[in-house]
Amino acid sequence: NAGVTQTPKFRILKIGQSMTLQCTQDMNHNYMYWYRQDPGMGLKLIYYSVGAGITDKGEVPNGYNVSRSTTEDFPLRLELAAPSQTSVYFCASSDDRGRGNSPLHFGNGTRLTVT
Amino acid sequence: GENVEQHPSTLSVQEGDSAVIKCTYSDSASNYFPWYKQELGKRPQLIIDIRSNVGEKKDQRIAVTLNKTAKHFSLHITETQPEDSAVYFCAARNDYKLSFGAGTTVTVRA
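Chains as they are written, first to last, in the working numbering: chain A, 1 to 115; chain B, 116 to 225.
Simulated from the structure, these hints should not be mistaken for lab results. These numbers come from a predicted model, not from an experiment. A virtual CB, placed ideally from N, CA and C, is assigned to each residue, including glycine. Hints should not be assumed to be uniformly reliable.
[Said to hold, decoys possible] Below, simulated EDC-like cross-link-like pairs (lysine to aspartate or glutamate); rule was C-alpha separation at most 20 angstroms, straight line:
1) B:K212 to A:D56
2) A:K9 to A:D26
3) B:K137 to B:E117
4) A:K44 to B:E194
5) A:K44 to B:E117
6) A:K44 to A:E79
7) B:K212 to A:E72
8) A:K44 to B:E120
9) B:K186 to B:E154
10) B:K152 to A:D38
11) B:K183 to B:E154
12) B:K212 to A:D96
13) B:K183 to A:D26
14) B:K212 to B:D164
15) B:K212 to B:D142
16) B:K186 to B:E120
17) A:K9 to B:E154
18) A:K44 to A:D56
19) A:K9 to A:E79
20) A:K57 to B:D142
21) A:K44 to B:D210
22) B:K157 to A:D38
23) A:K14 to A:E79
24) A:K57 to B:E117
25) B:K212 to A:D73
26) B:K183 to B:E171
27) B:K152 to B:E194
28) B:K212 to A:E79
29) A:K57 to B:D210
30) A:K44 to B:E154
[As the list claims (entries may be wrong)] Partial list, computed: chain B residues near chain A (C-beta under 8 angstroms):
31) G116
32) Y147
33) K152
34) E154
35) I162
36) G170
37) K173
38) I177
39) R208
40) Y211
Same shape as in the complex, but just chain A (with noise of 0.2 angstroms):
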């Protein structure tokens, strides 16, 4: 198994750009996860997934959108990229069960840079 798979590694935009940051798993988890992680900050949760059709936003959602249409992938996109969305993106999933208390299993995150 690789886990929970991210791409690309490192990426530098120009404000008013656009991409979208990669993320596949091979666990055959339910739910996944966007987290950004600002400069000696915790990480703070972007969108989350719960199974392939269903999505919904985390505490900063805005000027992010999420897409689910397979359970392996969960992409998440950026418009018109801004300053502030300059951090370390991490997806992750985690297999529930419907219990809510599974660990979550990390990618090794995309360092963004918008200038």
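Please build the complex by placing chain B on the supplied structure of chain A, with the hints as guidance.
Frame of chain A; chain B shown alone:
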């Protein structure tokens, strides 16, 4: 939503001493409390977790305690070693959403 507060923000300990990090949470419905360790430039890694029906859990030099009445939980690291130097995050989970504390930077002095 859930609000998790973590203290202290930085902690420096002598090698061999103990380190304690404390967290409080706001939502009494939270039922799962993991701790993650993050080394510089790496992803968070789960080191220990505790569920709401358990008061204490231990794994070698690491232990976690949970007080549901007071809504706080703590991480204890004994006999600290240089490789314990990292940022530690507590988290609380409710309704499938995991909320993190701001992190504690632990430095173990040789």
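Going down the list of hints, with the structure as the test:
Restraint check: the Cα-Cα separation between B:K212 and A:D56 comes to about 10 angstroms, which is no more than 20 angstroms; the hinted pair holds. For the suggested pair A:K9 and A:D26, the alpha carbons sit about 19 angstroms apart, so the restraint of at most 20 angstroms is met. Proposed proximity of B:K137 and B:E117 is supported: the alpha carbons are some 16 angstroms apart, at most 20 angstroms. Our distance criterion of 20 angstroms between C-alpha atoms is broken by A:K44 and B:E194, whose separation comes to about 32 angstroms.
Restraint check: the Cα-Cα separation between A:K44 and B:E117 comes to about 12 angstroms, which is no more than 20 angstroms; the hinted pair holds. Under the criterion of a C-alpha separation no larger than 20 angstroms, the hint pairing A:K44 with A:E79 is consistent with the structure, at around 19 angstroms. Note on B:K212 and A:E72: the hinted pairing holds, with a Cα-Cα distance of about 19 angstroms set against a maximum of 20 angstroms. Only pairs whose Cα atoms come within 20 angstroms are accepted, and A:K44 paired with B:E120 is accepted, the gap being roughly 13 angstroms.
This hinted pair does not check out: B:K186 and B:E154 have alpha carbons roughly 28 angstroms apart, beyond 20 angstroms. Restraint check for B:K152 and A:D38: satisfied, since their Cα atoms lie roughly 16 angstroms apart, inside the 20 angstroms limit. For a cut-off of 20 angstroms, the pair hint linking B:K183 to B:E154 is broken: about 29 angstroms separates their Cα positions. For the suggested pair B:K212 and A:D96, the alpha carbons sit about 11 angstroms apart, so the restraint of at most 20 angstroms is met.
Proposed proximity of B:K183 and A:D26 is contradicted: the alpha carbons are some 35 angstroms apart, above 20 angstroms. Restraint check for B:K212 and B:D164: the C-alpha separation of about 15 angstroms stays at or below 20 angstroms, so the hint holds. About 12 angstroms separates the Cα atoms of B:K212 and B:D142, which keeps this hinted pair within 20 angstroms; it holds. Of the pairs offered as hints, the one joining B:K186 and B:E120 holds, with about 11 angstroms between alpha carbons and a cut-off of 20 angstroms not exceeded.
Restraint check: the Cα-Cα separation between A:K9 and B:E154 comes to about 17 angstroms, which is no more than 20 angstroms; the hinted pair holds. At roughly 14 angstroms between alpha-carbon atoms, A:K44 and A:D56 fall within 20 angstroms of each other, so this suggested pair holds. For the proposed pair A:K9 and A:E79, the alpha carbon gap of about 19 angstroms is at most 20 angstroms, so the pair holds. About 18 angstroms separates the Cα atoms of A:K57 and B:D142, which keeps this hinted pair within 20 angstroms; it holds.
The straight-line distance between the Cα atoms of A:K44 and B:D210 is roughly 16 angstroms, inside the 20 angstroms bound, and the hint therefore holds. Under the criterion of a C-alpha separation no larger than 20 angstroms, the hint pairing B:K157 with A:D38 is consistent with the structure, at around 14 angstroms. For the given pair, A:K14 sits about 12 angstroms from A:E79 by alpha-carbon distance, which is consistent with the 20 angstroms threshold. Our distance criterion of 20 angstroms between C-alpha atoms is met by A:K57 and B:E117, whose separation comes to about 14 angstroms.
Using a Cα cut-off of 20 angstroms, the hinted pair B:K212 and A:D73 holds, with the two alpha carbons roughly 19 angstroms apart. The suggested pairing of B:K183 with B:E171 holds, with an alpha-carbon distance near 11 angstroms, which does not exceed 20 angstroms. Using a Cα cut-off of 20 angstroms, the hinted pair B:K152 and B:E194 holds, with the two alpha carbons roughly 17 angstroms apart. Proximity of B:K212 to A:E79 is assessed by CA-CA distance (about 24 angstroms); at most 20 angstroms being required, the pair is judged violated.
Our distance criterion of 20 angstroms between C-alpha atoms is met by A:K57 and B:D210, whose separation comes to about 13 angstroms. About 18 angstroms separates the Cα atoms of A:K44 and B:E154, which keeps this hinted pair within 20 angstroms; it holds. A distance limit of 8 angstroms between C-beta atoms decides the matter here; for B:G116 the minimum to chain A is near 7 angstroms, and the interface restraint holds. At about 4 angstroms, the closest approach between the beta carbon of B:Y147 and any beta carbon in chain A falls short of 8 angstroms, and the interface hint on this residue holds.
Nearest Cβ of chain A to the Cβ of B:K152: about 12 angstroms, over the 8 angstroms cut. The hint is violated. Below 8 angstroms, beta-carbon pairs count as interface contacts, and B:E154 has none with chain A, the closest being about 12 angstroms; its hint is therefore violated. Among the interface hints, the one on B:I162 is violated; its C-beta lies about 10 angstroms from the nearest C-beta in chain A, farther than the 8 angstroms criterion. About 16 angstroms separates the beta-carbon of B:G170 from the nearest beta-carbon of chain A, more than 8 angstroms, and the hint is not met.
Restraint check, B:K173 versus chain A: the minimum CB separation of about 17 angstroms is more than 8 angstroms; hint violated. For B:I177, the interface hint is violated, since its Cβ never comes within 8 angstroms of a Cβ in chain A; the closest pair sits about 15 angstroms apart. Hint status for B:R208 relative to chain A: holds, with the closest Cβ pair at about 6 angstroms, below 8 angstroms. Interface restraint check: B:Y211 against chain A, minimum CB-CB distance 5 angstroms, threshold 8 angstroms, status holds.
Hints 4, 9, 11, 13, 28, 33, 34, 35, 36, 37 and 38 from the earlier list are contradicted by this structure; the remaining hints agree with it.
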